[in-house]
Amino acid sequence: MNESKPMASNSENSIPSRLEAQSARWRRPLGMALGVLCIVYGWAVVSAPIDSSQGVIQKILYIHPPLAYGAYLGFIITGFAGVVFLVRGREDLDRLAIASAEVGVIFCTLMLVTGPIWARGTWGVWWSWDARLTVTLLLWFVYLAYLLLRSFSGRNPRTARFAAVYGVVGLVLIPLNYYVIEIFGSRSMHPENLERGSLGDGMGLPFLLGNLTLALAFFYLVLLRWQVESERALDDAIDTDGAHREGQAMRRGQSPGPPDAAEESPEEMTR
Amino acid sequence: MSYMLSAYGITVGVLLFYGLSLARERARRLKATGNPSAG
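Residue numbers (the working numbering), protein chains in the order written: chain A, 638 to 908; chain B, 162 to 200.
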């Protein structure tokens, strides 16, 4: 098996796949729903009651946990897509895993930014090596490493398989991250996980809208990133295929023939 | 108030920037290949 050949060469894995083409159709209605929901969410946050003990900074509640759920969702999709890729060899799901990991890391980054802003206003410090914060940082590093692995190694099938296993193993941190406060009990500075009825009067609706809006934003961005990944894969496949044909023609001592749209550069000849 | 606005501003700004970057890359690729079906 030629490891340097792009995975797109398999005829069962056309680019874009049927699933990718079907999913892309959801992006526009999702975008419209997101636009409407953003307005409603903004209104709900502005009109939400101000917390008597923390003041207005408590309204970060309507964005910080939804970002965390988005990050979890991104990494879970990466793990499941990785499993399907390993079992069935579905390259479109490998591309979904990359898209989902990237959006998940962005959500996780924003969670790690909004959390310290909230902490500075309530605890008086930007950061504490609290169990929840430390495990969250570890989770961020794990999936950042996943993205670095994917971006530096190209479309190598062996790397894709390794990354799929890595993405699945990284999922261990999600339940640990969620339940770490219960494990550490009173030693944690971070508030406990929200439970039904634990929010004050009038805070439930903006929190629900925050979760819905951020979930829609998450799915919209994943679909968009998945489409981009599919187009990058297609371009890479065209480039490599063109270079392959040029190489074969040179070996036979022939002229490479008419160039494809994406194979003009001299670097292609040396690949 | 400024902490809350910073948190929302950074989140909205980053997500918008990321989404627009992806949309711009798609538009550039579509323009290069002239593939109307991918739009």
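Source of the hints: derived by calculation from the structure; they are not laboratory data.
Just so you know, not all the hints are guaranteed correct.
[To be verified] According to the in silico footprint, chain B covers these stretches of chain A (three or more CB under 8 Å from chain B):
1) 745 to 752
2) 787 to 797
[To be verified] Here are a few chain B residues that face chain A, going by a calculated C-beta distance under 8 Å:
3) Tyr164
4) Ala168
5) Gly170
6) Tyr179
7) Glu186
8) Ala188
Backbone N, C-alpha and C fix where the C-beta goes; we use that ideal spot for every residue, glycine too.
For this structure, which hints from the list above don't hold up?
When the structure is compared with the hints, numbers 2, 5, 8 turn out to be violated.
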